[in-house]
Each structure stands twice: as C-alpha cells, then as structure tokens.
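From first to last, the protein sequence lines are chains D and B.
In this text, residue positions in the first sequence follow the working numbering: the first is 1, and each later residue adds one.
In this text, residue positions in the second sequence follow the working numbering: the first is 1, and each later residue adds one.
These aren't lab readings, by the way, just hints derived from the structure by calculation.
This structure is a prediction, so every number in the text was calculated from the model and none was measured.
Idealized CB from N, CA, C, for every residue including glycine.
Misleading hints may appear alongside valid ones.
[Stated by the list, open to error] Distance windows between CB atoms, simulated:
| # | chain 1 | residue 1 | chain 2 | residue 2 | range |
| --- | --- | --- | --- | --- | --- |
| 1 | B | 110 | D | 244 | 38 to 44 Å |
| 2 | D | 282 | B | 110 | 28 to 34 Å |
| 3 | D | 209 | B | 228 | 56 to 62 Å |
| 4 | B | 54 | D | 129 | 20 to 26 Å |
| 5 | D | 209 | B | 38 | 17 to 23 Å |
| 6 | B | 195 | D | 129 | 54 to 60 Å |
| 7 | B | 119 | D | 36 | 57 to 63 Å |
| 8 | B | 64 | D | 312 | 55 to 61 Å |
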Amino acid sequence: MTTATVRTGTRPVFWVALGLLAVVLLALPLILRSDSRLNIAILVLVYAALAQAWNLLGGFAGQISLGNAAFFGLGAYTSTILFSRWEVTPWLGMLGGALVAAVFAVIIGYPVFRLGGHYFAIATIAMAEIVLTVFNDWEFVGGAVGLLIPFARVDGRPADSWYYLQFNQHKEPYYYIALALVVLVTAVTIGVSRSKVGYYLRAIKNDQQAARALGVHVLRYKLIAIALSAAFSAIVGTFYAQYLLYIDPETTMRLELSVLIALVAILGGVGTVAGPLIGAAVLIPAAELTRSQLGGTGNAVDLILYGGLIILISIFQPNGLMGLVERVRRRGRGRPLTPPSDEEALAREEAPLLGTYEEERG
Amino acid sequence: MALLEVDGVTKQFDGLVANQDVSFHVEEGEIVGLIGPNGAGKTTLFNCISGFFPPTRGTIRLDGTDITGWAPERVVHQGLARTFQVVRTFPDLTVRENVMIGAFARTNSTAQARRIADELIAFTGLASRADVLGANLTIADKKRVELTRALATGPRLLMLDEVMAGLTPTERVQAVELIRAIRERGVTVLLVEHVMEVVMPISHRVIVLDSGRKIAEGPPAAIVENPEVIAAYLGEKYRPQRTGED
Ligand SMILES: Nc1ncnc2c1ncn2[C@@H]1O[C@H](COP(=O)(O)OP(=O)(O)O)[C@@H](O)[C@H]1O
Ligand SMILES: [Mg+2]
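If we strip away everything but chain D, and leave its shape as in the complex, we get:
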C-alpha cells in the first residue's frame, strides 16, 4: 500500500463508502435468502481472507507462494483432531492450528529463504504436495478418507452451537464469522502495512541487497511474513472445516486451492489491502459458476484456467484490478498528492532514459 492509498483512506467519501459497504455486507444474508447463494457468499469471504493472508507474504514481501493450502489444511486438521479426539472447542483449536501452521512455515521457510532466488514458489508447491501425501497416508488423521466432525447435538438432534462453532439449523452465523475473519485479517494487514514490518517487507520486495545495506535482516522479516500468512490461513482452515463438517487432504490441501488463493490476490492487486477482497468478490462467483457449468470439481481444467489467468494478468495488468482503479482515479485527480512542478514533471519523463544510461555505465 502506498502513502497515496493511506491518505485517500482518510477522505470523507471513503468513510461513507465503507459505511455503506458494511451495511450491505451485514444485511446480505437477509437479501440472499437461499442457502446456495449464501454458500457462495461464504466462499467469497473464505477466499478473501485466504488471499489477504497470502498477500502478507506474496504481496508485501514479494514471495510468491503456491502452497498456502498446506497452511489452510494444517489449520483444518489441527482443530478437527483436537475436537474429535479430545472435545477441545474449535475456537481454541483455531489458535492451535495457527500456531502449528506458523511453526511449520518457519521450519520450511528458514532453509528455502536462505536458498534465495526464485526457488521459493517451486519449493512451496513441493512443500504442499509433501504435506498432502503425508496426510493421505497417515492413519491417525484419517488418511485419504478424511475426518468427519461430530455433530453438536441437543436432544439427539444436530444443533447450533457457538461453543462448538457449528450451525446445523441456520447457516447465517457461518457467514458472519467468515465476515469477521475477513475484517480481522484485513485489520492485521493494515496494521502491518503501516508498521516497520510492512515497510521492511516492501523494501525486501523491491531490492533485497539495498534493504540489507540499510540494516534490514531480510531472512527474519521474510519469516515473520510467512508465519503471519500461515497463521491466518490456518485460522480460515479451522472455520472451513467447521463449515463443511468434513475434511480430507484433497479438499483442504490440493494444488488448485493454493493456485486459486494466489490468483485471487493477483487478480485483485498484490500488495494492496483492497486487492484480495476485490479479487475474491469477482473471481469466486465466476469460478463457482463455471464449475457448475463444466460439472465436477477440482479437475485439471480449473488448474489450467487459473494458471493461464495468472500468466495473462502478470503480462497485461500486473497491478490487477486495483491497478485499473488507481489508473482511473489518477486520471480524475491528477497523479501525485502534491501537484508536480513543471520541473518534476520533466524529471519524471527523463528519469527512465537517464536511469538506463547510468546503469549501463555502472
């Protein structure tokens, strides 16, 4: 997030728009009035939260992860095992999952980040595939069959329970919890982006050597980013397990999930706070629609489609939908915050030319 976005955020128009959006989001379950439409809304929120968590690592720190589903899955499994074996409330399980995922992320991140270069994306794919394979073969966690989450019951009938994070009669609470998760991850993202960590992550994304020369412990801050990303992905994982009441390795950890999470953030606009949210709102309903058209779930067609989209966006619109928004806004208001002097405008035009010249000599 640039200073420009922060500053714009304090304009009255922005707060009015945000207020309206809040009202609409809070009233949405009343408007939708059907479980299948509510389901899509919940999925949008789940992916918005996941993409926002991905954004901390991929957007701010520039470390493109194609394995975040592993963190999501670890969250889902941790709380589910704690609940089904020892009746630990999923709310605690959520924190447990966040911790497990964060520790796992740091253990994986430490050697991979030290390896450096562009291996990170590939390493995350391998990491997630290994976790998937292990869970498929691991009896204790149900293997490939997965785990059923026992119903919370009142008088023998499946019931709604905040304590057990289960809503078998009315699904609306799931929607509001998912909304709260999105708000939570977004608030954390805003907090991070305004803190030293956020500044350092953007510096790392821009130029690691320059960052080091200014005293930035690059490895430490990348580990902070991956731990945060993993923890929040895991929290969403717990929620998702409680929503489906059934998990298996394929549903929670498959590659398409990782790719879709990345795609949502990339489509919306990496490194911005609003990007992942917009990306989810646009992409998830579209994906659900094509899925019902094409029939079946989780097939290779999805993956090809998502991969193709990522490539197209990277080439033609690397700043995603937020980039389009920025462009329109700048056209309306004139680009910089302080109106440029003629000298500045001139400097801006000359810069690339001179820059290239100097770099060739240097």
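Once you've looked at the hints, dock chain B with the ligands against the given chain D.
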C-alpha cells in the same frame, strides 16, 4: 584508535585478484577520498568492508570491533552505512518511504522514522520530492535518495561509492556542499570517486588504488604530484593544479 581500520585485505574472484593486501585507516571526523581508475577494485573493497563480500584475507575493524565477515545488516547496526555505485532506489516506494527504511534501523516507531526521514529529506534538499516514487526520479535525485537513506540509519561512518558520477557540474557542486555538511553533523565520510577533481577539494586524505593495490596515500596536494599516481591513473590528461582548501 581509528574509526575504521582495514588491515591487509585481499579479495580474489577465482583467478582475479580485485584487492591485494590493502591496508588503510580512517579517523573519526575525517573525509577520506578513495580514488583509482575503473576496475581498480574500489567497489570490491567497499563490498568487503560493508559485509557484502567476505574478504579472502585480512581484517576490518570498526571502532576497534572486528567486523570481518559480518552480514551487511549487522554492519549497519554497528554504525557503518554505504551507498551503491549503481543506484538501488526502491522504485515502488516514495522518497520519504525510501529514507524511512533507513531510519527504521534506529527506531521501531513509524512516526519516529517519518520524523527522521523528513528532517533528513529537508537537509539533503529532497523536500519537494518527498512523495515522488523512486522509479520516477532523475538520476541525480536517485543518488541523493541513496545518500539520504544511508544517512538515516544513523551511521558513524558513511561510505559513498561514486555519488558524483553522472552528475552535471552544478549538481556536483551541490553534492560537495552536502558532503561537507554531513561531516559537520559529526559523520565520518569515506568517498570513492574515479574522477579525481571532485575528491581533491573536500578530502583531508586521499588513498589511491590501482589494479587492486594501494599505490599511494596522503594529502590531496601531495597525491596530485605523486609521479606513480600520475603515471598509473592520470596519465597525461590531468595537469596538477592547486586544489587544497582546508
Ligand atoms: N562479483 C564479482 N565477480 C567477479 N569479478 C568481480 C566482481 N566484482 C568485481 N569484479 C572484478 O574486480 C575488479 C575490480 O572491480 P571494481 O571493484 O568494481 O572496481 P572499481 O570500483 O574500482 O571500478 C574488476 O576487474 C571487476 O571485473
Ligand atoms: Mg566501482
């Protein structure tokens, strides 16, 4: 005790010896010039001192602490900051944000980092550019950002790698003024240039590198008349002229 002591530093790249047994020191409060023709090994020496390369042999001490082989970020926290010859401005960050990254070496508070950055941006004459993205700056301004954000880390020793190269004569005069002002703030400066004229007027001492070796060291007036220096580096082009100012 000298602020910086470089003792017998050798750096080899495979077969190539970029620095051979280089020793020198920088006293607190000095401006020291490090000159030499292109390829003499100046940037390599900078990289060894600032932790970007481990030297093959030799030791580097900062205020008595052996910092040989330390990671660059650790060296910064010990009080040594450097700029890059080929500027590495963060393109997606504004000038203020670029400088704040440096300032965060001294504080965890964003507000405090912004205060440090704004003060230094005013000091180095970048105030009107504060909200411009790094990518949109002229080369002269990029070099200024490079210097400002290194200064923001709060160094005791600032190492500048060819900050004047590519500048117009007017910009050079401004840069010289700025370097003097930096010293006035109590920061010691080690200045690398390959253009001799810019180093002479502001340096208290000059060290000359050629083909990786130190071939001369002394006050500017003596250096410009040193036959070995003239032969190795200046050739016939440079006519010695009185430049000493202090
Ligand atoms: N990373 C490197 N790997 C191999 N050779 C290098 C490297 N960096 C510099 N050199 C070589 O070391 C010598 C000195 O270069 P450099 O330190 O950049 O000189 P200067 O800054 O004085 O122009 C040159 O021959 C250069 O090619
Ligand atoms: Mg050089």
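A quick look at each hint next to the structure:
no. : hint                        : result
1   : B/110 <-> D/244: 38 to 44 Å : holds, 40 Å
2   : D/282 <-> B/110: 28 to 34 Å : holds, 32 Å
3   : D/209 <-> B/228: 56 to 62 Å : violated, 35 Å
4   : B/54 <-> D/129: 20 to 26 Å  : violated, 36 Å
5   : D/209 <-> B/38: 17 to 23 Å  : holds, 21 Å
6   : B/195 <-> D/129: 54 to 60 Å : holds, 55 Å
7   : B/119 <-> D/36: 57 to 63 Å  : holds, 59 Å
8   : B/64 <-> D/312: 55 to 61 Å  : holds, 58 Å
Consistency note: the structure conflicts with the earlier hints numbered 3 and 4.
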